[in-house]
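Please build the complex by placing chain B on the supplied structure of chain A, with the hints as guidance.
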Amino acid sequence: MYIPGYFEFGLRTRILAGRHAIDRLQVFLDRARSACPMIVTDAGVVAAGLIDLIESTAKLPASRVIADGVPSDSDVDVVNQLVATYRQKGCDSIIAVGGGSVIDTAKAINILVSENSDDLMQFCGGNRLQRRLRPLVVIPTTAGTGSEVTGVAVIADHRRQRKMLFASAFLCPDMVVIDSRMTLSLPPFLTAATGIDALVHAVEAYIDLAKNPFSDQAAWTAVELISQHLLTGVHQPDNPDTRYALATAATLAGVAFSNSTVGVVHAIGHSVGAVCGVHHGQCMGIGLPVGLEYNMRKCGENIGRLLLPLAGADVYVATPRAQRAAATVACIRELNRQLREATGERYACRFKDVKDRQGQPMVPREKWPDIADTTLGDGTLFYAPEDMNYDDAMTFIEAAWQGSSLSAGTENRKGAHVYN
Amino acid sequence: MSDQWQAEYDFDCPVSIHAGNLALDHLPFELSMVGAGKPLILIDRQGDGALHRLEKQIIAAFQSSAMQPSLMTPGAAGPDRWANARQVVEQYARIGADALVVVGAGEIVDQAKLARGLLSVAGQVDRLSVNDLTQIQSRPDIALIWAAGPGVDGREASGWIGRPGDASVFCQALTPDLVIIDPRLLDAMHTREQLPGWLNALVWAIQAQAFGPGNPFSGMYAKTAVAGIWPHLSFAAGSRMTKKTCTSMVTAVICAGFGLSPTAQRPVSALGRAVSVIGRMAPGIADMILLPYVVAHDAVAVSDRLPDFLTAIIGADKAALAAPHRHGVEVLRQLYDLPEMLHAASGGRFPRTLQEAGLPRFLFDEVIELAMPASDRGRLSAETMLAALDAAWAGKPVIN
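Protein chains in written order, with the working numbering: chain A, 12 to 431; chain B, 14 to 413.
Source of the hints: derived by calculation from the structure; they are not laboratory data.
Treat the hints with care, as some may be off.
BS3-like mimics (lysine-lysine), calculated; alpha carbons at most 27 Å apart, straight line [unchecked claim]: (1) A:K70 to A:K378; (2) A:K309 to B:K331; (3) B:K409 to B:K331; (4) B:K409 to A:K309; (5) A:K100 to A:K70; (6) A:K174 to A:K309.
Isolated chain A, as found in the complex (with noise of 0.2 Å):
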């Protein structure tokens, strides 16, 4: 077990969980003493019938207020106005049903009337709660963004074109609920991407600096309840034992993630979906394996012990300790790979096949240079194994483009042939 020689770990977020999880969600109303709760969606969870279903048996207050208009790229305007909701209809709890964009705008909502302020800016950056905020319960309807375990949220201002990261520990929910039900009507697509971003988030905790014993057990978890489950979970998905598992993985990820770090992969994902536009998971799934590789003279050991929880104890024990990182490596290909081949050809493995509705490609050369300069800002390089220069984000882009090796090339400066 790895003990670094100072760490810090929590898990302020209470886990209701299974397959009929939603039931008790009078749990979290009894608890917030909340004859009121505002629930925080998005109109494609409405679509798919999923308040219909908390309605129906969770047994809500007749007084509860619903508000549906949260967008996939939530703003501080649509934080502004469900404040406004809130305070206008006497709200006194907020229970967020959706994915990454709908829980960070409650969080964000959560600040301002927990704080009774309209000015979202003031909070902006890392501790600048020194209290606990109002009752929020969180309900994941995608199994992959951890938000509903962390004490972060990322707010866009589209109008000063910058997004403003919030980080405490009081962010953090007071409840996750873990239902199956939720993400049943989740699209192959989805699926296969919400999944990918949890097992990045799984392994870069596991190889990153900040990780201890505690983020390392529960990455552990993830990445092999994400192996056993994933392409199940694209194939059937009607199946509420698999989707039970990937969102119970993705929590387990979020909390690894949030008690460590991520790392290259996310500083050139977040720059990718910044520039490019480009959906997370997606950037996620096709940066996986150039940042192992990337990362493999740093952390090639504990890349290579990662082969046995995504492959199993057969193939780990066939493969020389020495060549495990890079069948780690492989193997995240081939996950790619079948997950290409599941989804019809809508999951890309390299950046060259990510094309719009118009069939244009998503990242062309010509954004390679900009997406570089925004990696290097991205906070997520801080506690990355390995450093990055301009040169070096240029390298992972080319081979995340091509879809090839790091170790192919001969002008990488890192990489896998270094380690091996």
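This is chain B only, laid out in the frame that chain A set:
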């Protein structure tokens, strides 16, 4: 999905851990983050040398802050720990404190938890009934921070008051908000004397999962506990631990407390408590000797639940070499071998069997009688207990 998990579960363990070098120096900052500026600090005064060191460390931690902490030493554990808790409440009100910090382990942490309970209820209350305790909602403006000192047995960071498996109550709301594990506070730890407490924690972690109901989160803590405790046991038995391994051990022991579900069955502790009372031995030693003999009688535990611990005990590389269907049996074998290993490491001091621990066979009936009423005995019948006692007395492993 792992078959041994509960179909529906509720996991709540909202404790933060700050562990490692200089962790104590974060205390003023952490207090300021919850809006506290005047903490009442309760210090466990066990042993003169330990007292001096603990006070010095605490005062040093506050030197660079503007805070003026008040130090207090509650009375020693007595028949009525409520009296000590009331003293704490009175002092808290007298100085206008806004947070409780408890330094030490065991009884003093229980007193701090009870004091927080009393402070959280409205009006003048001298004590709370068990029912009140389990229903209580702690006031968010009274932070409870625990800095681990010598004597940690694992339940301090959880909602337990009293020892699990003994007369104990679980009160979720009295769980500390933050745990600080700083090697400087563990200086005075005598590792050989601590060994029974640490073995107890190991047994709690394994039996909580073996006899369920488990879930992936309690499992995460239980496996971290076993992985952290196991490799250090032989060093502890031989009094050969370093500052770093002490910190690791204490961290792992605390994890065992997190992994304890208040609803889990504890058949090993139920029988172990009876053995320790009748046989006059430390509970951790009785529990450790009994653990494999009790688990071996539960086929479900061996085949479905023990396998999870093999990686934690022998490491991923060796575990991968074992045939998957043998993982449970391999864990059982490791558990049978542990007393032998501790016996060797301790120069023959650690007993390998109940016979070596001094329990006469003719007292078995009394042991079973004492263990029978325990509500958490679970599937353990009188016949099974007798068989387990017989085998553990003679040191005859049962492996199917």
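Structure-based check of all given hints:
Taken as a hint, the K70 (chain A) and K378 (chain A) pair is broken in the structure, with Cα atoms around 50 Å apart against an allowance of 27 Å. At most 27 Å may separate the alpha-carbon atoms for a hinted pair to count; K309 (chain A) and K331 (chain B) meet this at roughly 24 Å. Proposed proximity of K409 (chain B) and K331 (chain B) is supported: the alpha carbons are some 26 Å apart, at most 27 Å. Proximity of K409 (chain B) to K309 (chain A) is assessed by CA-CA distance (about 48 Å); at most 27 Å being required, the pair is judged violated.
Taken as a hint, the K100 (chain A) and K70 (chain A) pair is honoured in the structure, with Cα atoms around 19 Å apart against an allowance of 27 Å. Restraint check: the Cα-Cα separation between K174 (chain A) and K309 (chain A) comes to about 31 Å, which exceeds 27 Å; the hinted pair is violated.
Figure legend: structure checked against the earlier numbered hints; hints not met, in rising order: 1, 4 and 6.
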